[in-house]
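2 protein chains.
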Amino acid sequence: MTYELHYWPTIPGRGEFVRLALEAAGAPYIDIARGAEDAGRGVPAMLRTLGDRSLRQPPFAPPFLKDGDFVIGQTAAILQYLAPVLKLVARSEQARAWTMQIQLTIADMVTEAHDTHHPIATSLYYEDQKAEALRRAGNFCSERMPKFLQWFERILSQNPAGDRWLVGNRMSYADLSLFQLVEGLRYAFPLAAERVLSRTPRVVGTHNRVAAQPRVAAYLRSERRIAFNEQGIFRRYPELDVPAG
Amino acid sequence: MTYELHYWPTIPGRGEFVRLALEAAGAPYIDIARGAEDAGRGVPAMLRTLGDRSLRQPPFAPPFLKDGDFVIGQTAAILQYLAPVLKLVARSEQARAWTMQIQLTIADMVTEAHDTHHPIATSLYYEDQKAEALRRAGNFCSERMPKFLQWFERILSQNPAGDRWLVGNRMSYADLSLFQLVEGLRYAFPLAAERVLSRTPRVVGTHNRVAAQPRVAAYLRSERRIAFNEQGIFRRYPELDVPAG
Chain A
23 MTYELHYWPT IPGRGEFVRL ALEAAGAPYI DIARGAEDAG RGVPAMLRTL
73 GDRSLRQPPF APPFLKDGDF VIGQTAAILQ YLAPVLKLVA RSEQARAWTM
123 QIQLTIADMV TEAHDTHHPI ATSLYYEDQK AEALRRAGNF CSERMPKFLQ
173 WFERILSQNP AGDRWLVGNR MSYADLSLFQ LVEGLRYAFP LAAERVLSRT
223 PRVVGTHNRV AAQPRVAAYL RSERRIAFNE QGIFRRYPEL DVPAG
Chain B
23 MTYELHYWPT IPGRGEFVRL ALEAAGAPYI DIARGAEDAG RGVPAMLRTL
73 GDRSLRQPPF APPFLKDGDF VIGQTAAILQ YLAPVLKLVA RSEQARAWTM
123 QIQLTIADMV TEAHDTHHPI ATSLYYEDQK AEALRRAGNF CSERMPKFLQ
173 WFERILSQNP AGDRWLVGNR MSYADLSLFQ LVEGLRYAFP LAAERVLSRT
223 PRVVGTHNRV AAQPRVAAYL RSERRIAFNE QGIFRRYPEL DVPAG
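So the protein sequences, as listed, match chains A and B.
Its first residue numbered 23, the first sequence is counted upward by one per residue in my numbering.
Its first residue numbered 23, the second sequence is counted upward by one per residue in my numbering.
Read the hints as simulated data drawn from the structure, not as lab findings.
Mixed in with the good hints, there may be bad ones.
As the list makes no split between identical chains, a pair holds if one copy fits it or if it spans any two.
Listed below are the simulated DSBU-like cross-link pairs for lysine-lysine, each with C-alpha atoms no more than 30 Å apart in a straight line [stated by the list, open to error]: (1) K169 with K152; (2) K88 with K169; (3) K88 with K109.
Here chain A stands alone, though its shape is the one from the complex:
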């Protein structure tokens, strides 16, 4: 079965967390909104599905995944759905719940990273909320980023199976998401992120271990990987990169 991934075609955004899981597992998928419109793909195809009044379970927003007739949205829910098939989560219910809990905490941090440049409204330009963005980014860099990254460091250090992976002794989708989070933070906040990451060596170690997975490494070199840019969640606005102390 070939999965269909539906997400905005020009940014990594939240779709990238799903794409990484598909790529790391070598799963066949079509990136619908990046396809050609004259082949029935592209953004119009994504929006058609999103607005389809015949869907019993219509997603709220991209990213969403189609697996045959089944459609599922919300990044963490998509990953939880895919993970057992892709072998990106342990089998026990408790391990699945713990992996989900970590993923949801990563998602919270992603939302907060986004809101550094859009603290007032996603529908407004950055330039129209820049004063507010400066204040929010200052707090994010000095308080929130250390708090979140130190928690990831802690759960790695308290993992009874060792500090290589977040859950147990195998890579899960949460490790892939942590990799992407660190990539995004380093892109958007190069100074602040390095300051914090220098104190969270286990987070950096897991990031590096993900990047070295053969399928992941090949994907990162491919054209399928979309570069960070100033339309996405992680944006490099130097004025928002405020390392603490």
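Since the structure of chain A is already known, use the hints to place chain B on it.
Below, chain B alone, put in the same frame as chain A:
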């Protein structure tokens, strides 16, 4: 087995979504942080667990639940863990995933409702970010609240089992969470919420159906139910209640 719920004792907050599920199912639980300190409960007991270096799966923040030795945080993850035991979710994997997807969208809206009064930093007072709050609340009331509530209306109307409940033909934890969301919106934004809810009659219907469940109704009349107040997620600041159009 008596569950332990750990959450701040003076606000409904995110803990209320878990408490509602426990109450609606008649499940035995102890509200740890609301207990007496000299009985080994209260906020210090919650913080002791949160900081416990021997935990293999330490939660990032309250709310979290203890079920014997198992500890789980993140509201949506807690609910997904509890729901099969409490019979608050259908059995099929696809129904469980759909219920989770709805819950995560409710959680996104809850975060946005919170950020209307704290658009810059949770660690600052409202008064120190009031100008920014006015802008963010205006956008929330005019764009985001209608968008979210219309999606809930749509999924009720597209539910093949009828529009009484969000998933299938039985109440799930997502219905309980939608009830609490509507309660919070009506408290915080009485004018704006009524304006939008007048156009989402199915959402109001499901809300009323939850409130009429005997266990829920008894709980809402009890002292266990914490009233909304200006320390929580949903706060009544009249200046932030800006009905659109």
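Evaluated hints:
1. K169 with K152: So K169 and K152 pass the 30 Å test inside a copy (24 Å) and across (25 Å) alike.
2. K88 with K169: between (35 Å within a copy, 23 Å between copies)
3. K88 with K109: Both. Shortest intra-copy (19 Å) and inter-copy (28 Å) distances satisfy the 30 Å Cα cut-off.
Of the hints listed earlier, there is not a single one the structure fails to meet.
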